[in-house]
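Asks: As given, the protein sequences belong to chains A, B and C, one line each in that order.
Per numbering that gives the first Met the number 0, the very first residue in the first sequence carries number 0; after that it's consecutive.
Per numbering that gives the first Met the number 0, the very first residue in the second sequence carries number 0; after that it's consecutive.
Per numbering that gives the first Met the number 0, the very first residue in the third sequence carries number 0; after that it's consecutive.
There's no promise every hint is true.
The list treats identical chains as interchangeable, and a pair is accepted whether it falls inside one copy or across any two copies.
As the list claims (entries may be wrong) - Cross-link-like lysine-lysine pairs, in silico, DSS-like; alpha carbons within 25 Å at most:
| hint | residue 1 | residue 2 |
| --- | --- | --- |
| 1 | K293 | K2 |
| 2 | K202 | K2 |
| 3 | K148 | K228 |
| 4 | K293 | K165 |
| 5 | K228 | K202 |
| 6 | K228 | K119 |
| 7 | K240 | K202 |
| 8 | K321 | K202 |
| 9 | K240 | K293 |
| 10 | K165 | K113 |
What the hints contain is simulated information worked out from the structure, not anything from laboratory work.
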Amino acid sequence: MSKTNPGRFFEDYAIGQVIRHAVPRTVAEGERALYHALYPARHALYSSDEFAAANGLESSPLDDLIAFHTVFGKTVPDISLNAIANLGYAEGRWLLPVWPGDTLRSESEVIGLKENSNGKSGVVYVRTRGLNQMDQPVLDYVRWVMVRKRDAAAPAPEPVVPDLAKVVDAADLVIPEGLDFSDYDFELAGEPHRWGDYAIGEKIDHVDGVTVEEAEHMLATRLWQNTAKVHFDATNREDGKRLIYGGHVISMARALSFNGLANAQMIVALNAGAHANPCFAGKTIRAWSEVLDKAETDAPGVGAIRLRLVATTGDSASFPLKGEDGKYLPEVLLDLDYWALMPL
Amino acid sequence: MSKTNPGRFFEDYAIGQVIRHAVPRTVAEGERALYHALYPARHALYSSDEFAAANGLESSPLDDLIAFHTVFGKTVPDISLNAIANLGYAEGRWLLPVWPGDTLRSESEVIGLKENSNGKSGVVYVRTRGLNQMDQPVLDYVRWVMVRKRDAAAPAPEPVVPDLAKVVDAADLVIPEGLDFSDYDFELAGEPHRWGDYAIGEKIDHVDGVTVEEAEHMLATRLWQNTAKVHFDATNREDGKRLIYGGHVISMARALSFNGLANAQMIVALNAGAHANPCFAGKTIRAWSEVLDKAETDAPGVGAIRLRLVATTGDSASFPLKGEDGKYLPEVLLDLDYWALMPL
Amino acid sequence: MSKTNPGRFFEDYAIGQVIRHAVPRTVAEGERALYHALYPARHALYSSDEFAAANGLESSPLDDLIAFHTVFGKTVPDISLNAIANLGYAEGRWLLPVWPGDTLRSESEVIGLKENSNGKSGVVYVRTRGLNQMDQPVLDYVRWVMVRKRDAAAPAPEPVVPDLAKVVDAADLVIPEGLDFSDYDFELAGEPHRWGDYAIGEKIDHVDGVTVEEAEHMLATRLWQNTAKVHFDATNREDGKRLIYGGHVISMARALSFNGLANAQMIVALNAGAHANPCFAGKTIRAWSEVLDKAETDAPGVGAIRLRLVATTGDSASFPLKGEDGKYLPEVLLDLDYWALMPL
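Bound-form chain A, shown alone:
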C-alpha cells in the first residue's frame, strides 16, 4: 500500500471530527526577516522592538499574517489537498500575539458538510485553531472548501451548514494584553492619520505596485509549509504556470496598504475573504481599501477599524471590485474583510 498522503476526500469528513494537523513549527527571527523580504511590510509594531515596547508590548510580535499562514499551512495536507476551491473564511480572530521562538500547531473541527448536487464533490466547513507551545489558542477561524469525492456513488451525508457570523462583533475583538496607543508616535509610524481621521465609506488607493516572481511566491509558500502541489509544480498545468498561494496575495496587499493605512497596526479579526481570481507570476499586484466600520475598544488609545482590502492586477485608482452582473471583475484577486487596531 502506498505510504504517501493521498489527502482526504469528501467522504472522509464527519461532523464533530477533530483533526490534529501535523508538523508543529517553531517560528523566530528568521521567519520575520523573510516575511519582510517577501512583502513590503512596514507596520512599525512588527518592525521595531522599541516601537512595540513604547506601545505596551513586551517586544515586537511576529506579523499577524505569519501566524495565519503558518496555522493555515498545517491544515493543507488534511483539508485542501483534494480541494477544488477555497470558498470562504469567517469568524477569524487573533487571540494572542505570536512571539519569536513560539511553536505553532493547528487543529480543525469539522462543523459543516454539504454534498454538491452533481454528486462529485461537496463543501467541508472547518473551524481551525492555531495553538502555541503552551496550548494557548493564538488564532481561530472558519474556512470552507469544495472537496472531491473519492467515489461519486458514496452516499451523501446529512447536510449541515453552520450559521456563521457575517462580521466578527467589535465587542468580541481580542486586544493584546498591555496594548496602549496613548503615547503612539505617529511620526515614527510613518503617517499622521489616526482612527478619527477615517470615515466609514472612505476608499483609499494604495498606489504602489509589486510585480510578482515565481521564486518569491514559492519561497513564501514553502516557508508556511504549505505543500499544495499547484503552487510548485509547473508540469501540473498545460501552460506551465504555477498558481500563486492566495495567502501570498493577502500578505502583499496588506503590506501595500501601509501607504494610506500605516497606523492600522494589528489585524485582530478576519470577517470574510474571497480569492476572486487566480494570480500568476508576472502580474503586478496593486491594492485599495474601503473603511467598512469603526468601533471603540476598552484599551487605552486603541480604536478598531473594519476594512475591505482589495487586491487587483489592474488599476487600483478606479477601485475595481464587481461588474454589473455582481461577479468579481477579472482583474480582482482578493476581497478581504478584516478588523485592525489603530490609535485614536
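Given the coordinates of chain A, assemble chains B and C onto it according to the supplied hints.
Replies: Frame of chain A; chains B and C shown alone:
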C-alpha cells in the same frame, strides 16, 4: 602577482596534507528559516523545538543538510575550484547535532591521489571534517573529485587509492545523545509508518514535484558560501545556463521524500552519492526512495533505515535509475545512499 | 484628501530642517542570513562569532552594508520618492557596529539646496544619521539627490551648497572598540595578503561574476524597507524592466571583492560614490578594486586601506571606468570610494 584565489591544481595536493578551510560560519535561526523557504522541508524534529524536546533533544537542531552544505561549501575554494567533476562520496557520518548559534569550520586531509591516463588531470580523495566552535567534529565524510593539472608535464605522483567502505556499518552510526523515540507522536509527525512498516526492497514514489528557479538555487548556494562560479555566472556557458549546485538537488529530494518517509527523521550517514546528470533552472524535480537495509540501534525506540534517494526530472512513479547499459538514465539527477533514524 | 504619501518636492525642503524618518527596524540573525543568501559575502568577521571574538569584538556584528541599507531605506519616503537621480555620497562614517537585536532609525538634516537652471527641479543635500535603540549614532553620511519641483513657478531658494570633504581624513576613522588584529588568523580569513602587501595604485580584478535576478534584488530592497516603486513595479517602464536598487550593486560588488581583498574586513568610511549606469535583471556583475591610499591607525595590528570599488557588467580584467570623454563607460555600474580596516 594576482591576489585572487586561482584554486589548487592536481599537483598542489600531497598525501597526508591537511587543509584548514577558510571562513568559519555561525549558523542560526536565519539559516533555518531560509532552508525551510528554499525546500519543502517538514521533518518535525527540525521544525519544532517542542517536538524535538519530546524526543529527548534539547531543542530542534538545524537540518542535517545545513551542516553538510556549510561544511562542504568551505571546502570548495581549496578542493573543487578547478574540479572537472565531483565523483563520489563515502563514509559520511553525522557526529553531533548542529544547534542554532554554532560556528562551523572545515578541515580536509588528502587521502588519495591518482593521475588520469591522459596526463591532464587526476583524482583527489579527501576526508573532510566539519568542526564546531568547541572543535568537536560534527560531520566526517570522504569525497573524491577530478581536478585539472596546472602543467600536463608535471610528474605523476605515486597512485594511492583509499580503501573505502561501500556502506557505513550500522554499528558505527552515531545516535545523538538523549534521542528517544519511545513516545514518538506519529500524528504530529505527519505519517503513521514506523520502522517496522518498511520492507527491504520497498520503493516509494514521493509524488510531489518542484520546478526550480535560478534565484532559488543561487540563494541556497550562496547561503552555504559555496563560490563555484558555474552556479552564478550565466556568461560561463554558451547557453547562458547556470549549473545548479548538486547539494540543492539533494536537499530538494530529501524534502520531497517527507511524503512517504516523514518519520525518517535524522540523517546519520552518507554511504555513497552520485550526481548523475546536471540540473538547470526550469526543471521539475521529483523523487523516489528504495529501502536498502534496516538495522536496530541501542537508543530507545530508534531504528536505522538505509535508503536510496533518487531525484529525477521525469516521472518518479516509474522509479527511473539506470538503462540497460548500466548508465544513469538522462532524467536521473541524483542517486544517494544514506542511513536515517526512524521510530520503531 | 489623499492619505497616501506623495513624497516631498523640492519646495518642501528648507536649510536646517531635520526629518525624523519613519519605521524603526530591529535587525537580527534573520537579516544576516538573508544578506549572506543574497550576496556571496564571506568576510570572516561578519561570518563567525568566534572569528570576531578572536579579534576583540563581542561577537560578529551585522555586515556594515546591512546598517547602510537599513538607514538609507528609511530615508527613501522622505528624500527620494520624487527624486530624478541619486547624485552622490560624501563624508560617510560607520560609528558603531550594529549587533543582532539592535533597532535602527534614521534622521536627516537638510544641509544644501540649489535649484536647477531649468526651474523644474533642484538638488537637495542631506546629512543622514542612523541611530540605534540607545540613540547612539551608528552611521553618518551626506547624500545629494535631484528632486522634482511640485510647481515650476515656485520661487528658487537662496542656493546653499555645502563644502564637503572629498575624502574622509584617515585620522577621523572610527575603529570599533576592542578591535585588535594582532592575532589575526589569515588562514581562516581566506587569504594571506596583509595591509603591507597592498601598494597604492594597485588594481585587483575580482574575477567572479554573478548574474542577477528580479526575485533577488526585490527581496533585498524590501528587506531594507526601501519602497521606491521603480524597483518593484514592472508596469512603471515601457520595457517592463525594474531598475535595480543601487545598493544591491554595492553589496554585490563588495562581496565579490572578497576574492583578492578577503582581509579588507570592515568598512569604516564612504568617501564618495556614483551609480554610473542603471542595472537590470539578467546582467552579470563583476568587480575590480584599486588601492587609492593607505593609513595607519591607533588600534593594535589594524591598518586602513582606501579602495575604489568598481562594478561592471563587462569584463573586469580590463579595469573599465571612464572613456576619453571623461564619462563613465556604459558597462560601469558603480564607482565607490571607501576606507576599510585590514590586518597589518
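Asks: Looking back at the numbered hints, which does the structure fail to meet, lowest number first?
Replies: Hint check: 7 and 9 fail, others pass.
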